[in-house]
Amino acid sequence: MKRQRFTPLDLLKVKEPRDQAVSDAETEASTETFAELEPCLRDRNGQASALIELLNRAQELYGHLSKPLLAHLASELVLPLSSVYGTASFYHLFRFQAPAAHQLVVCTGTACHVKGADRLLAVLEGDGGAGLELSRVRCLGTCGGAPLVVVDGVVWTHQNAASLQQGLGGLPR
Amino acid sequence: MSGPGATAVPAQARLCSAAGCRACGSEAIRSHLETSLAERGLAGRLRLRRVGCLGPCGAGPLLALDPGGARQGSVIFGGVTRADADSLVEALAAVRLDSWEPQAAQRFDQLHPFFRLQRRIVLENCGRIDPESIDEAIAAGAYVQLKRAVASSSPEAVIERIRRSGLRGRGGAGYPTGLKWQSVAGRPGPEKVVVCNADEGDPGAFMDRTVLEGDPHRVLEGMAIAAYAVGARLGFIYIRAEYELAIAHLRRAIEQASGRDLLGDVAIELRVGAGAYVCGEETALLHSIEGGRGTPRPRPPYPAEHGLWGRPTLINNVETFANVVPILREGADWFAAIGTPTSAGTKVFSLTGHVRLAGVLEVPMGTPLATVVEQMGGGAPGGVPIKAVQTGGPSGGCVPAKHLDTPVDYESLKELGTIMGSGGMVVLDATTDMVDLAAFFMGFCREESCGKCVPCRAGTVQLHDLLRKHLERRATAADLEQLESLCHMVADTSLCGLGQSAPRPVLSALRHFRGDFLALLQPKASAVP
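These protein sequence lines map, in sequence, to chains A and B.
Here the first sequence is numbered in the working numbering, starting from 12 and rising by one per residue.
Here the second sequence is numbered in the working numbering, starting from 249 and rising by one per residue.
Bear in mind the hints are in silico, worked out from the structure with no lab data behind them.
Cβ atoms here follow ideal geometry from the backbone N, Cα and C, with glycine treated the same way.
Check the hints yourself; a few may be wrong.
Stated by the list, open to error - Far from chain B, by Cβ distances over 10 Å, these chain A residues were calculated:
hint	residue
1	Ala46
2	Ala61
3	Glu64
4	His113
5	Gly140
6	Arg184
Unchecked claim - Sample of chain B residues at the chain A side, in silico, Cβ under 10 Å:
hint	residue
7	Asp450
8	Pro451
9	Ala453
10	Glu490
11	Gly521
12	Cys527
13	Gly539
14	His554
15	Trp557
16	Ser598
17	Leu676
18	Phe692
19	Leu766
Generate the whole structure from the sequences, applying the supplied hints.
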């Protein structure tokens, strides 16, 4: 490799909280190793500023952020568990429970709102939504297809109550 | 052969691969077309290319057909189906591509007002190059200006050109970009940072996503030029996690550009958010890059003096950085001559809501709103009259139909009680209930308030409840009075931009559509407590 990999803290010589008090997470660290996270941790030199990146990666790998996982990250980054949890709980996209079989996200952004997102929500909050995990997002930025829902990662554009019900009927339960 | 390129250039089909068209199934059509062309041995006669946003996203999936040879005149087709792709292949086989008319798809030629009235500077390469190919970006001129600036201009000279161009921040506030660069450059010390704010959170706004998906190298080059000008060696792009494709394109672009040493000695890192609207506010954004909770802090000190890890930090929006390259290439005077005297250049807008042609467009500053909404967007579908146009998202307000002749520039919109914002433009037809819309935005701010300061944390909840009370027809004249005074209190006393501007949609609706509120009030005698 010709180029040296910069990490922000190398360049800015930022002090890490490493040599401060021992993390209160250490006592809680579980026996799980979370080996899949290792490459990402190594890549970031265990810097505390990479916390959100690591949380994103961890959720991608494990589906949600479990308590042992948060404790593991706290001990790896030498941060108090409280600040790891504090950061994780601040952001809407992090989840602390395992996901259900089907994920359904209704966009409630401005364009979807004025084009009837609430009628889609009414379907889902009624019988149509049984067995689905329903959440909302404030705009995916693809407003040309408004109103839209995201079903297991696939965007369904220009929905109405009937088309949504029909589509949901086709999902394996 | 009569001349170079006369017959050598094959016809090409450019397929939009941006998130809007992907959501309508563009990728399946592209791969179907690719397979069919290969099967019929026609791959050499039609160059199939994957490009960024072509514009009218609401009519996706979009396909642009360039006739090839010396002939001019591309045609864009919207709502392309699998059957259309098949008929395209048939037409190509029968050598009558020129007269191909798809069954299902909608045809737009370049004389359609949506295209004709645009002036594409930021988006000049968007829809023309493959955003995943650095070679195509380089062929379109990427990284020439950076190289030239570093080789032959002093940092001061670069800043002076940006200052003279009159470029103002495209994130919404409109702060002069040259001045911002100057104040960061003027700070002592070598450890400075450049940050690109790509946390485009306003619902209904997707200009920055379009730029990042369609021409990521343009933004990287602008950042690298800014880093050279202010004396930084490190850059961060903070992008919202919802923009998966833009993230993928940016990651790839950063790898390609740094792999070829095109960014000079500037290292650019990508930081992905995790869903928090307030992180679009600059001090909250910095806290998030540092790995913490995205809460804002009071300013001053501004990030220019005390930013990431205390270092002087330059923060600009995606579109601001995307304007840097054309300014250096064509000159400050050229740029200053576009638009209006106080708002130079163009602005990219995302047009959505009750409008025939929803999508992304770029027009000179000062273009009347009516031109954008009625001529380019075709007005509201079904001939329903337009009631208002909402700009600036949850921090903005609306422009009522009678003021649609207002030119789009920072000052004119401010006078009407709204803001330019980052460029989201949501068209509202006569069926829209303005109180409901105000409640929608307040509900958004209530959810997104970070909770650090009381006026915003508690005020947005009270304001939302008061608006609900109106919608449920339980409100009295006293409630309306309280709503209005609380709006001013929250706006005046909140810590950051989120709280300060949260009441603006309500105040704007009250200013222009007070009747909508009054119609919901309880008569005094029968008021419900």
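* Check the non-interface label on A:His113: least C-beta distance to chain B beyond 10 Å or not. => holds (18 Å)
* Restraint outcome when B:Asp450 is required to lie within 10 Å of chain A by C-beta distance -> Because about 7 Å separates B:Asp450 from the closest Cβ in chain A, which is inside the 10 Å limit, the hint holds.
* Close enough to count: is the Cβ of B:Gly539 nearer than 10 Å to one in chain A? -> holds (4 Å)
* Asked: Once the closest CB in chain B is found, is it more than 10 Å from A:Ala61?
  -> The assertion about A:Ala61 is violated, with a minimum of 6 Å to chain B.
* Restraint outcome when B:Ser598 is required to lie within 10 Å of chain A by C-beta distance -> For B:Ser598, the interface hint holds, since the closest Cβ of chain A sits about 7 Å away, which is under 10 Å.
* Asked: Any Cβ of chain B at or closer than 10 Å to A:Ala46, or is the non-interface label fine?
  -> holds (22 Å)
* To do: Double-check B:Leu766 for me: the hint is only fine if its C-beta lies closer than 10 Å to a C-beta in chain A.
  => Result: violated, 22 Å to nearest chain A Cβ.
* May I ask you to check that A:Arg184 keeps its beta-carbon over 10 Å from the closest beta-carbon of chain B? => Holds: least Cβ distance 24 Å, greater than 10 Å.
* To do: Check the non-interface label on A:Gly140: least C-beta distance to chain B beyond 10 Å or not.
  => It holds; A:Gly140 is separated from chain B by about 20 Å at its closest Cβ, greater than 10 Å.
* Asked: For A:Glu64, is the shortest beta carbon distance to chain B beyond 10 Å?
  -> Per Cβ check, A:Glu64 is inside 10 Å of chain B; nearest 7 Å; violated.
* **Supplied contact hint for B:Glu490, tested at 10 Å Cβ to chain A** => holds (6 Å)
* Asked: Holds or violated: is there a CB of chain A closer than 10 Å to the CB of B:Trp557?
  -> Since chain A brings a Cβ to about 5 Å from B:Trp557, closer than 10 Å, the hint holds.
In this structure, the hints that do not hold are numbers 2, 3, 14 and 19, in rising order.
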